[in-house]
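Peer 1: With chain A's structure known, arrange chain B on it following the hints.
Line by line, the protein sequences are chains A and B.
Numbered according to my numbering, the first sequence terminates at residue 418, and the numbering increases by one at each position without gaps.
Numbered according to my numbering, the second sequence terminates at residue 418, and the numbering increases by one at each position without gaps.
If you are wondering where the hints come from, they were derived from the structure by calculation, not from laboratory data.
Please note: incorrect hints may appear among the correct ones.
Identical copies carry no separate label here, and so any pair may be met within one copy or between two of them.
BS3-like mimics (lysine-lysine), calculated; alpha carbons at most 30 Å apart, straight line [claimed, not checked]:
(1) K414 x K91
(2) K15 x K296
(3) K414 x K102
(4) K206 x K296
(5) K290 x K15
(6) K232 x K91
(7) K232 x K296
(8) K15 x K133
(9) K91 x K133
(10) K414 x K15
(11) K369 x K296
(12) K414 x K133
(13) K91 x K296
(14) K290 x K414
(15) K369 x K232
(16) K91 x K369
Protein chains: 2
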Amino acid sequence: MSSGKILVAQGGGPTAVINQSLAGVVLEARRHQGVQRVYGARHGVRGIVDEDLVDLTRETSHNIEMVANTPASALGSTRDKPDLAYCQEIFKVLRAHAIEHFFYIGGNDSADTVRIVSEEATKAAYPLHAIHIPKTIDNDLVGNDHTPGFPSAARFVAQAFAGANLDNAALPGVYVGVVMGRHAGFLTAASALGKKFPDDGPHLIYVPERVFEVERFLADVKRTHERYGRCVIAVSEGIHDASGAPIITRLAKDIEKDAHGNVQLSGTGALADLLCEEIKQKLGIKRVRGDTFGYLQRSFVGCVSDVDAREAREVGEKAVQYAMWGGPDGATSGSVAIRRTGFYSADYELQALSDVAGKTRVMEDEFIAASGTDVTDAFRMYLRPLLGSRMPDAFRLRPNPVPKVLRR
Amino acid sequence: MSSGKILVAQGGGPTAVINQSLAGVVLEARRHQGVQRVYGARHGVRGIVDEDLVDLTRETSHNIEMVANTPASALGSTRDKPDLAYCQEIFKVLRAHAIEHFFYIGGNDSADTVRIVSEEATKAAYPLHAIHIPKTIDNDLVGNDHTPGFPSAARFVAQAFAGANLDNAALPGVYVGVVMGRHAGFLTAASALGKKFPDDGPHLIYVPERVFEVERFLADVKRTHERYGRCVIAVSEGIHDASGAPIITRLAKDIEKDAHGNVQLSGTGALADLLCEEIKQKLGIKRVRGDTFGYLQRSFVGCVSDVDAREAREVGEKAVQYAMWGGPDGATSGSVAIRRTGFYSADYELQALSDVAGKTRVMEDEFIAASGTDVTDAFRMYLRPLLGSRMPDAFRLRPNPVPKVLRR
Chain A
11 MSSGKILVAQ
21 GGGPTAVINQ
31 SLAGVVLEAR
41 RHQGVQRVYG
51 ARHGVRGIVD
61 EDLVDLTRET
71 SHNIEMVANT
81 PASALGSTRD
91 KPDLAYCQEI
101 FKVLRAHAIE
111 HFFYIGGNDS
121 ADTVRIVSEE
131 ATKAAYPLHA
141 IHIPKTIDND
151 LVGNDHTPGF
161 PSAARFVAQA
171 FAGANLDNAA
181 LPGVYVGVVM
191 GRHAGFLTAA
201 SALGKKFPDD
211 GPHLIYVPER
221 VFEVERFLAD
231 VKRTHERYGR
241 CVIAVSEGIH
251 DASGAPIITR
261 LAKDIEKDAH
271 GNVQLSGTGA
281 LADLLCEEIK
291 QKLGIKRVRG
301 DTFGYLQRSF
311 VGCVSDVDAR
321 EAREVGEKAV
331 QYAMWGGPDG
341 ATSGSVAIRR
351 TGFYSADYEL
361 QALSDVAGKT
371 RVMEDEFIAA
381 SGTDVTDAFR
391 MYLRPLLGSR
401 MPDAFRLRPN
411 PVPKVLRR
Chain B
11 MSSGKILVAQ
21 GGGPTAVINQ
31 SLAGVVLEAR
41 RHQGVQRVYG
51 ARHGVRGIVD
61 EDLVDLTRET
71 SHNIEMVANT
81 PASALGSTRD
91 KPDLAYCQEI
101 FKVLRAHAIE
111 HFFYIGGNDS
121 ADTVRIVSEE
131 ATKAAYPLHA
141 IHIPKTIDND
151 LVGNDHTPGF
161 PSAARFVAQA
171 FAGANLDNAA
181 LPGVYVGVVM
191 GRHAGFLTAA
201 SALGKKFPDD
211 GPHLIYVPER
221 VFEVERFLAD
231 VKRTHERYGR
241 CVIAVSEGIH
251 DASGAPIITR
261 LAKDIEKDAH
271 GNVQLSGTGA
281 LADLLCEEIK
291 QKLGIKRVRG
301 DTFGYLQRSF
311 VGCVSDVDAR
321 EAREVGEKAV
331 QYAMWGGPDG
341 ATSGSVAIRR
351 TGFYSADYEL
361 QALSDVAGKT
371 RVMEDEFIAA
381 SGTDVTDAFR
391 MYLRPLLGSR
401 MPDAFRLRPN
411 PVPKVLRR
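Next up, chain A with everything else stripped away, as it sits in the complex (with noise of 0.2 Å):
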């Protein structure tokens, strides 16, 4: 019989549906017999170390609820991403504690601290069951068909799109919009959805499983605003060259060359900013816009796709079932995953944390469209039902002209 001491924490960037997990946990843990206290950590292993602890037991259960529907970390967030020497700090303060569930919410380098912190357990024979919970808008973790977090960021980023597309066809131009994804391009991809009419933005989409071209670039929108009269641009702030080195250090050398000076790079609004000084440079277009999505688009608080904040609640829910009764090989410990049963059906499974831990995930080829500036229908039909109900639509008025009578 264990302690039943249990133990939760948030990692990593946080999420309009993070609190939803922790709630998985909380609620489902209450329910267990066995379960004597649930302990949160603040601010994820920087918490555990410092024993910084609060007890989930003497939170009223209406409250969690409320705090569920509440985007970011409740318990607060760390950078920290613990070595060897933190995770044995990590494993002290459980054993301490008596602690023998550990639930970790994050990303993959959360994942690989759960592995460390679980290998130091099993090396000292200590009973620890450790589970870790997905968490990502990059949606960059491997084994899951997607991440909790990443449709409720992707419903911001289609719905942002879908305005800057309508924003840009009244007042048209050429509309920059940069959109986190340092690696992974899925987030960046979504600004797709927000397409309805066949001319509608975003016209070219540009992520970092591509290679970016800045002459080619300058060459797709001048088509494209030649065709259009205008060009919604959706950009990953992780665009890069063929060497692999940022796009941002590129053109930053070449805005110096055009005798600029130097140009200040700190601060998320340089890359769009410098796109919209080359398209305005080279192709002399004189309306260029540029926005930079940044924190906005994963905690704008009232942009939340229901099937997301559900799976974020299944799979807290399923880490405190896998670590009680365990998975169907009895395993304790591991990390939950996503699988997609239905159009549109989830269902969760335990995968072993070194399939997850520190590996990142990009966007498959077939979501990709061959130009490299689209995605695939594949892609349409992957994202558009985890984006949830309720989605705003876009109306156009038809044409119907009315005859001259001065300029016949």
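Peer 2: Relative to the frame of chain A, chain B by itself:
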């Protein structure tokens, strides 16, 4: 009896509800027996002088309702600011098409256009009823309690800061969000409505109605960061120094002197990036992030205040009523204005075009706290009902610390 021909157009920056006003005009006008045709001009006044008109009496009322719920300007917009000669061209087209009712949805520049066109008609003894229908996210039209479009943009800003605050609490640091508003700070001030708990951000709000001093700003940020361990800041794009010079220019110079070379100022992310750089350099704070809300705040699909949608519809409907039946004093030209009649209830009046045309309202002193970096309760009472129903709410876990074992 009039010709029964009506023309409606949309000018300036799109909003989330501008098509509600369009629908208000079209659907109300189509109910009047004397109305033969309702035309729309594509891309505002530009479409009038180009005779680029569409026949809105050929559009279904069902599709007009769907368009009403779609953001941005369905007819297209323009940045053209007509002078006298341009207005004479407009009048020429109106006369050629025997249009006797002209409705222009826009800001104070649009009101001025309506005023000049109306005067041209009077000079020519042409029976034109010309009505300006208010629209602007800046909320800067005089004689109005508020303007359609502002409440929805304000709701976006409030939801964005509510989320940014949660994100910043999870991963502490300094966050700077730059909000639209060159002269009026209403939209930036709306960030205060994202605040719930006393220690929530935005902790500092800077509007163009107050002089911005970089040294004082840095002292404010330092004090707030020391107090809360974090700092969320809302800044109007229009902040300026005592001489009226935009801060972006001022900071650019400072950074040059700090040996960073020439800074590229074009593009919309520059002010946020520059303020972040100041904070990093002068205060030595490591985690400093900046977002420029850019076009998202006016174009994001799916963030509409239901109060705003209703009122935007009504100003369109009222415009037609005034044109057809006249205002209380018999006037059939003017600018529709929103008056507040209860908490919360509104009514409409027709004010003289010269009272609103070309004038700019800024935030009243009673709305800005003595500190100059916060709003008053009067502002909160003013804005809250406009944000509409179903505002997302943020909840926290209550503090229930677990006694330390290792570090007692």
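Peer 1: Please list, smallest to largest, the hint numbers that this structure does not respect.
Peer 2: The structure breaks hints 2, 5, 14, 15; every other hint is satisfied.
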